[in-house]
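So you can see what is in the structure, the chains are spelled out below.
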Amino acid sequence: MKAEPLRVALTTDDYARYPFLPDALRVVRELGLTLEELGETPLGLQILENARGKILSVIENGTYPPPGGDYRLEVSAFTTALLILSQVGDRALTEKFAVAFSKRVFESIEQDAVRRPELLLYLATVFGWSLRAGSGGISIHFKDYVYAQPEFTGPWKLVNRPLSSGYVEVGWRELARLLQTGVKKYVARLVESASVDPSVVPERLYAVVEEVSQKWAKTRSEVLAYAQAGYRKGDATAFPPCTRALLEDIKSGKNLTHSARFALASFLLSVGFSVEETLEVFKASPDYREDLARYQVEHIAGLRGSRTKYTPYKCDNMRSLGLCRWNCQGVKHPLQFFYRAVRGRPPRVE
Amino acid sequence: MDQAGIVRLFKAYYARNTVPPPSSIEKREFAFSFFDSQGMARHMAFRDAGELNKFIRDKVPQHAYYSTAYYADPAASDMDEKGWQGADLVFDIDVDHINTPCKPLHDTWKCRNCGAEGWGFVEKCPSCGSDRVERQTWVCEQCISVARDEVLKLVDILEEDFGISRDEMYVVFSGHRGFHLHVEDSALVDLDQEARREIADYVRGLGIDPELYIARTRGGYTYRYTPEDPGWRGRIAKLLQLRPEAEGRLSRGELERLILECVAEARANIDEKVTMDVKRLIRLPGTLHGKTGLKVLRMTVQQLEALDARGVLEKAIALPDEPVRVEMDKWPRKILATSLPDQAGERTLPLYLAVYLALNGKARVLGPA
Ligand SMILES: [Zn+2]
Ligand SMILES: [Zn+2]
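Line order of the protein sequences matches chains A and B.
Per the numbering used here: the first sequence ends with 461, consecutive numbering throughout.
Per the numbering used here: the second sequence ends with 745, consecutive numbering throughout.
Misleading hints may appear alongside valid ones.
[As the list claims (entries may be wrong)] With the C-beta cut set under 8 Å, the calculated list includes, among others, these residues of chain A facing chain B: (1) N161; (2) K254; (3) W267; (4) R272; (5) L274; (6) G364.
Keep in mind the hints are simulated off the structure, nothing from the lab.
All values reported here derive from a predicted model rather than from experimental measurement.
Using N, Cα and C, we set each Cβ at its ideal position, and we do this for glycine too.
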């Protein structure tokens, strides 16, 4: 599957579902819409409004809206959203957008893994991955595998995979999951390369950039203020019981296990604690080592290594790791508990 | 012989020998330390082999290093301004981290807390538990032999599993306690730290979850894979075949323990920090190791396979072998390829060995025999 381009029949429906594909972008480019028109013509304004809605949806509830019927609008709004994000220039927002977008795309990838797997191969070539189709299924070069690996433990860890002559065997569903990370990183790269000289950005578009920046800053600071106030007061009621228990363990001088440390650090970082503030929390543990703790926390914060920001474990995983023995109503993820509590509706705990 | 004498020997070596430049020399950072000063001179760059050799001949460094990374501006003093462009994939095998069976013959320790002392390798003082332990370590033929085996295991994993060709690897004897394996494969230079960590974990067999390797059958558990399976699955299967106790149905615990024992046998014992570091300085082949006087020796994988540990050491001896008289308080019983009968005080040894003892320990070279 090297240099030979893979032929896949793409429909306009595919363009709407995979708006980052070069073919989709080409179709929209053929519309000949200029940057100035985004702020002026009725079509331009419609695109701008749609892009604004997509980003706000990501900020407010962490989801990228499902694709609409008009593929031209869908693709142009997507590229306009990238442009807005590159003007905002906040890595955490770009990351959040890329994550939400890749989750939406994953739904399509999963369907296509069954209906027409050749589309998955095509996506891989768009990302520049090297694949081999063999008798037993599909193999991916270890470099691309590691780049997109969603987890670094258990069945996903490279050491537990069949690796031969540089290629890792994967199943179709696994390839779909790898492609989700691929989409996320690809979109983050597109934002990076979407830069435009701010002086040529039309005023209407710039107004959206400012609105998004403010909303994002406000969301972040509100959440952080809430979390920190709770932590300082010592009641931390915004935190789910599992996280509160970890905090109490640390304060009472217990050494946390590796997974407990990860759970706590990733939670605190996710609600807006800085690396320093997170380290401050860990200082109480008896086996605290500044250098090691800093390395781990910076790693979880996405400042090192793959630069992925890690999210806390899901409730199910917390339970299987022995870190949670509660039942919070209607909650599947510790952060969900937190965000509800922030909005004044903390879930019932059993 | 005092330090000036040793410097004269190093100077004479560099006058006679040329240090081959690393690939893409103009993109590498160089660093040196010198006999007469503390610290390290870093952020140096050379345009070609001539410039590098002129510097080494003039300054006669005690230690010489270069960066495994390629930089747009290797001489920039700020790491962020160097412009990182990629890095070789490097593995470090150092017997300092491996408890070789010969350590009681040459290593000694002394507790700075309670004064206890003894032969061999300890991490903590066995009498008072303090970790303020001073260690005197030496290298012998057997140490190098252990390290050599680790390199060959590593080469196999990289070749079979990662598909990295031997032509893109070379081995360096560090001149002291072990080897470096360098991979210069243009497709892999841009691997980030996380990817390098996965590779390091892989060759160390770290993170193997035995549960994924076993299947439940009637009356017990069996290993799921065959020797033909790729990766660790087959590697473990091959070793299990050599163990009669692995036949038949076993309890889950027994089988998992056996699997982990096979992993321990097949893993390559590398120092993962070196592999993960994309901005590492590493010893420059062709120079002398300033703590042993041995040559940092570059060779192909095939050359390492053809040599035994003694052969490696013989090739690394770069200083003259004329006999000199040496005096030392506590002699190791084995050092390099030489066994020393138990005795205190003065004895006659070849000059290169005397220099190793003087550089690394407290030996005094008294003069020609
Ligand atoms: Zn002691
Ligand atoms: Zn030894």
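To see whether the hints hold, each was checked on the structure:
Proximity of N161 (chain A) to chain B is violated relative to the hint, the smallest CB-CB distance being about 35 Å (cut-off 8 Å). About 7 Å separates the beta-carbon of K254 (chain A) from the nearest beta-carbon of chain B, less than 8 Å, and the hint is met. Annotation: W267 (chain A) was flagged as interfacial toward chain B, and the flag is violated, the nearest CB pair being 10 Å apart, outside 8 Å. Below 8 Å, beta-carbon pairs count as interface contacts, and R272 (chain A) has one with chain B at about 6 Å; its hint therefore holds.
With a cut of 8 Å, the hint placing L274 (chain A) at the interface with chain B holds, because the nearest CB-to-CB distance is about 4 Å. This hint is violated: G364 (chain A) has a C-beta 22 Å from the nearest C-beta of chain B, more than the 8 Å allowed.
In terms of the numbered hints stated before, the structure departs from hints 1, 3 and 6, listed from lowest to highest.
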